[in-house]
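*Asks:* Spelled out from the first residue to the last, the chains are:
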Amino acid sequence: MQSSAHTAGATPGGVPRLAGHFASLEVQNHAARLGMWLFLSTEILLFAGLFVCYAVYRYAFPEAFAASSRHLDLTFGTINTIVLITSSLTAALAVHYAKEGKNKLVVWMFALTIAMAGAFLVIKGFEYSHKFHEGALPGPHYRMAAVQMAGAPLYFTIYFLATGLHAFHVIVGMTVLGWLMVRVIRNPNLGPNNYTGIELGSMYWHLVDLIWIFLFPLLYLI
Amino acid sequence: MNPSSSTTAEGALPGHGAHDAHGDHHDHPNYLVDGTTIKSWLLTVDHKRIAIMYLVWILLFFLVGGIFAMAIRIEMLTPGPTIMDAMTYNRTFTLHGVIMIFLFMIPAIPAVFGNFVLPLMLGAKDVAFPKLNLASLYIYLAGAFLALWGMLNGGLDTGWTFYTPYSTHTTTSVAPVLFGAFIIGFSSIATGLNFIVTIHTMRAPGITWFKLPLFAWALYATSCIQVLATPVIGLLLAVVTGEQLFQFGLFDPARGGDPVLFQHLFWFYSHPAVYIMVLPSFGVMSEVVATFSRKNIFGYRAVAYSSLGIAFVGFFVWGHHMFVSGQSTFDAGVFGVLTMLVGIFTAIKVFNWVGTVYKGAVDFKTPFAYFCGFLFFTVFGGMTGIAVATTSLDVHWHDTYFVVAHFHFIMVGATVMAFLASIHYWFPKMFGKMYHEGWGLVAAAFIILGFNATFIPQFLVGNYGMPRRYFEYPERFQALNVASSAGASLLAFGFIIVAVYLTYALAYGRASGKNPWRSKGYEWVSDSPPPTHNFVGPQPTFPEEPHLYVDPKKAEVPDAV
Amino acid sequence: MSVANESHKEERNMQEHHSSGRYWLVWAALLVLTLVTVITGKMHLPGIALGLALVIATTKGLLVLLFFMHLIDHKGANRLVMAVSVLFVLMMLAMPMADLATRYRPANPTGSHLSDLPDLNFIEGTPSGAHGTGAAPGGHPPSKGH
Chain Y
1 MQSSAHTAGA TPGGVPRLAG HFASLEVQNH AARLGMWLFL STEILLFAGL FVCYAVYRYA
61 FPEAFAASSR HLDLTFGTIN TIVLITSSLT AALAVHYAKE GKNKLVVWMF ALTIAMAGAF
121 LVIKGFEYSH KFHEGALPGP HYRMAAVQMA GAPLYFTIYF LATGLHAFHV IVGMTVLGWL
181 MVRVIRNPNL GPNNYTGIEL GSMYWHLVDL IWIFLFPLLY LI
Chain L
223 MNPSSSTTAE GALPGHGAHD AHGDHHDHPN YLVDGTTIKS WLLTVDHKRI AIMYLVWILL
283 FFLVGGIFAM AIRIEMLTPG PTIMDAMTYN RTFTLHGVIM IFLFMIPAIP AVFGNFVLPL
343 MLGAKDVAFP KLNLASLYIY LAGAFLALWG MLNGGLDTGW TFYTPYSTHT TTSVAPVLFG
403 AFIIGFSSIA TGLNFIVTIH TMRAPGITWF KLPLFAWALY ATSCIQVLAT PVIGLLLAVV
463 TGEQLFQFGL FDPARGGDPV LFQHLFWFYS HPAVYIMVLP SFGVMSEVVA TFSRKNIFGY
523 RAVAYSSLGI AFVGFFVWGH HMFVSGQSTF DAGVFGVLTM LVGIFTAIKV FNWVGTVYKG
583 AVDFKTPFAY FCGFLFFTVF GGMTGIAVAT TSLDVHWHDT YFVVAHFHFI MVGATVMAFL
643 ASIHYWFPKM FGKMYHEGWG LVAAAFIILG FNATFIPQFL VGNYGMPRRY FEYPERFQAL
703 NVASSAGASL LAFGFIIVAV YLTYALAYGR ASGKNPWRSK GYEWVSDSPP PTHNFVGPQP
763 TFPEEPHLYV DPKKAEVPDA V
Chain S
784 MSVANESHKE ERNMQEHHSS GRYWLVWAAL LVLTLVTVIT GKMHLPGIAL GLALVIATTK
844 GLLVLLFFMH LIDHKGANRL VMAVSVLFVL MMLAMPMADL ATRYRPANPT GSHLSDLPDL
904 NFIEGTPSGA HGTGAAPGGH PPSKGH
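Protein chains in written order, with our numbering: chain Y, 1 to 222; chain L, 223 to 783; chain S, 784 to 929.
Okay, chain Y solo, but in the shape it has when bound (with noise of 0.2 Å):
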C-alpha cells in the first residue's frame, strides 16, 4: 500500500492494529468512518426533535418567543458561538497535524480545543444561574415578571432542554477528546496511515459546533 509521503524523508508514524475480521486496513478505516457519519446523522435526528417543537411553538407564539429571547444575554451567547468555532478550528488543526505525524501539536490543539469547550460550560453557567435568579425557568416553575406571555414558559423550556442536550454533548465531546490526547501523549505515533481515531473524534466535535451553529440564531436573535 502507497503512503503519502510528503516529507522527503521516513514516512511519520506507526500503523494502527488490524483487527482480524477485516480484510484490509483501507477497509477498517473505510469502516470506522462510515459508522461515524451514520453516528452524527442519528445525532441530528435527535436534535431535529428538538427543532421541530421549537419550529412549532415560535410559530404558535411569535411574540412571546420574541420577548423571551430579547431576555438572553446576546454578548455571551456572541461569545460562546466565537469561543465553539475556533474550538471547531484547533480541533481540524488537531487532526491534519496527525496526518503529518506531529503528535504534540496533536496534543496542543486537543488541549486548546477543551479549553475551550470549558469556557464554553462556565459561561453557560452564568447564563443559567441568572435564569434561574429571574425565574425563567421551565412549564410550572416559571415566575419571569418581565415576560408575561402565554408561550413564554414554553420558550424557555425549548431553551433548557435544546441548551442542556447541547451542553451534555459538549461534556461528551471533551471526554472523548480528553481520552484521545491521553492515548496521543502515551503513544506519541500519529502518521498519514494512522490518524483516523483522530479524526473520528474530531468530527464529533464539529457536530457539536454545528448544532450550536443552529441553535444560536434561533434562541438569541428572535
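In case anyone wonders, no lab produced these hints; they're calculated from the structure. Note that beta-carbon positions come from the ideal geometry of N, C-alpha and C, so glycine has one too. The reader is advised that the hints may include incorrect statements.
No more than 20 Å apart at the CA atoms, straight line, and that leaves these computed lysine to any residue pairs for SDA-like [what the hints assert, rightly or not]:
#1 K792(S) / T430(L)
#2 K353(L) / G197(Y)
#3 K353(L) / Q28(Y)
#4 K261(L) / A364(L)
#5 K104(Y) / S802(S)
In silico negatives: residues of chain Y with every beta carbon more than 10 Å from chain L [claimed, not checked]:
#6 T75
#7 L121
#8 R186
#9 P188
#10 F214
Start from chain Y and add chains L and S according to the hints.
*Replies:* Just chains L and S now, with coordinates in the frame of chain Y:
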C-alpha cells in the same frame, strides 16, 4: 419439469473436499463448542454466539408478551370484568404492546437472524464492529430489565403509545418503562449502524450490490430506518419521562402545549418502526420462497429496490395514525395520499414472490408452509392497511378492533410467520440438526388456522364498532370476542408445539449435513454449524448470483426464470 | 482477504492533504458570518429576519461540514448519509408546521394567535396568578356554550 437439476456450480470453498462435516474439523471446531466456559459466551464477539443469546432472550420476552395477550383474551371473554379490574386491564394491554414491540418485534429478525446470517451471506468473518454488537445485546437487556421492573412496580396504563397529556399526569410508573425503551433504542441504533457498515465494507470480492442476497437488501433498508428514526423516539421518550417527573408541560394544553405535536413526533418514529418490524420478514421470505420453489427469484432488482422504496416512503406517511386526533385536514389529505404509495412497493414484492413460485418445483417444507400463511396475511393485512389509510373510512375504524386486527395481521401474520420460518429454515445452519418435519407442518397448521380464528373476528367486531383498549363492551359483541379468544388458544397451542419439538431437536435431532435444503443461498456455502471464523482457509468466492437455481439460458421455459 | 471497491475509492479520496491555511480561512469566514448574523439579527428586519438567519446558519454549517469535517473529500456513502438525514429533518419540520397552519381553529394551542381561546392559565399548586407571579390571572376559561 424439475428445474433443480441445474448445471451451475455452488460457491466454492477452497480447500475442502467432497466429504462431509465430521472429519477434519478438530482444529476448526464449530462456534457452539469453541470455548465452553460461561465467560466465553458472555464476553464473546462472535456474531453467531451473540445471535444465539439474543434468540434466547427474545423468545423469553415473546413468551411474556404472549402471556399478557392470553390475559387480555381471557378478560375479553365476557362483557364485564372477567379476571381483572379496569386499571389492571389498562396495564395489561399496555405491557403487551410495549413488550411485543420494543422487546420482541423490533430486534427479532435483525438481531437474531441478521446477526447470524449476514456475515455468512457476505463471505465476511464477522460484522464490522463486533464489540459494538456485543454491547448492543447488553444495552438491550439493560433496557428490557428496567422496563420489566417498571412493569412489576406499578405498571404503565397509558397504552404503548403513551399519548400526552395523560402519560405526563398518570401516577403509574411511566419513567422506568419509557426510560427502558429509551435504552433499548440505543441497541437498535447500534445494530443498524453495524449492519450498514458491514454491507458497505465487508462484502467478499465479486459480491457487488446487485449480487447481494435479498435478505441482505432487506436488512440494509431496515438498518437505514433504525439509524434515522430511532433517535427521534429516543428524544421523545426522554422528554416525556422528564415531563412526568418535572411537569414542564411541553405537550400539555394546560401550559399552551400541543398534544398533537407529541403525536407527530411519536409517529415519525413509530410508523417507520413498523417497517423495521416487517422489512426483514420480507427479506426472509424472498430467501425461503426461492429455496423451496427451487427457482430463481422473479425480478431480483424489483425486490431489492422495493425494500429501499418501503424504507424511504415509510418516513413520509406517519400522519395516517392521526386522522382523527385533531391534525388539519390538509395534513390528513397529504398523508393519506402518500400512504397509498407504500402499498405499491409491498405489492411489487407480493407479485414477485408469486412469480417465483409459479412454475417452480415446490418442496413443501415447514418454512414454505409459513410462507403460505405469510402471503395470505400480508395480502389481507396490507389491503386492510390501504383501507384504513383512506381517511374517510378511518374515521369509522380508528381506535376500533378493525385497526387492531389490521396490525396484528401484519405483525403476527407477516413478521411472526417469518420469524418462525427463519427459525426452521436456518435451524440446521445454526445448530447442525434437523427438527421433525411432520410436527413442523402440524404446528404451522395450528398457528395459521389459530391466527385466522383469532383475528378475523376482530375485523368484524371492529367494523361493528367495538373500540379498542376498552375494558367493558356491549353484550352484542360477545360472540365474536369469544371466537377470537378461542382462536387465540389454538394459536398458543401451535406455539407450544413448536417450542417442544424444536427443543427436542436441539438435543436429539438428527445431523442435518451442510445444506439440507440444497439452497443456493450464499450462507449455505459454509459449514452447518459454521466454525468460529465462518470459513476455514481463504475467503470463499461466490461465482454466481444469489438465488440462482436455473441457468436462464438452459431453462426449459426461458421466460419463467 | 480482498477488498470491495468502495474501500479502495475511499482510501484514494483520503490521500488528499492540503495546507493548514484552508482551515484558518474557513474559520475567518465563520467569524465574519457570525458577526453578520448578530448584526442583522439585532436589526429585527421584518419578514426576512428568520430566513436570513437560517441562510447564514446553513452556510456556516456547510462550511463546517465540507471543510472541517472533510465531506468535500469523503465522497459516496458518507455524503448520502448526511443528505438523507437532512431531507428527513425537513419533512419532520414541514408537516407539523403545515398542520398548525391549517388546523381547525379551536384545536390550536390556547393563548396563541392561532386560537381564539385565551391561555388556560391554570397551574396546580402554585399561587394564583399568571404564570406563577402571584398577580391576578389575566384571562378566564371560556364560558360554556361558546
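*Asks:* Enumerate the violated hints, using their earlier numbering and listing them in ascending order.
*Replies:* none
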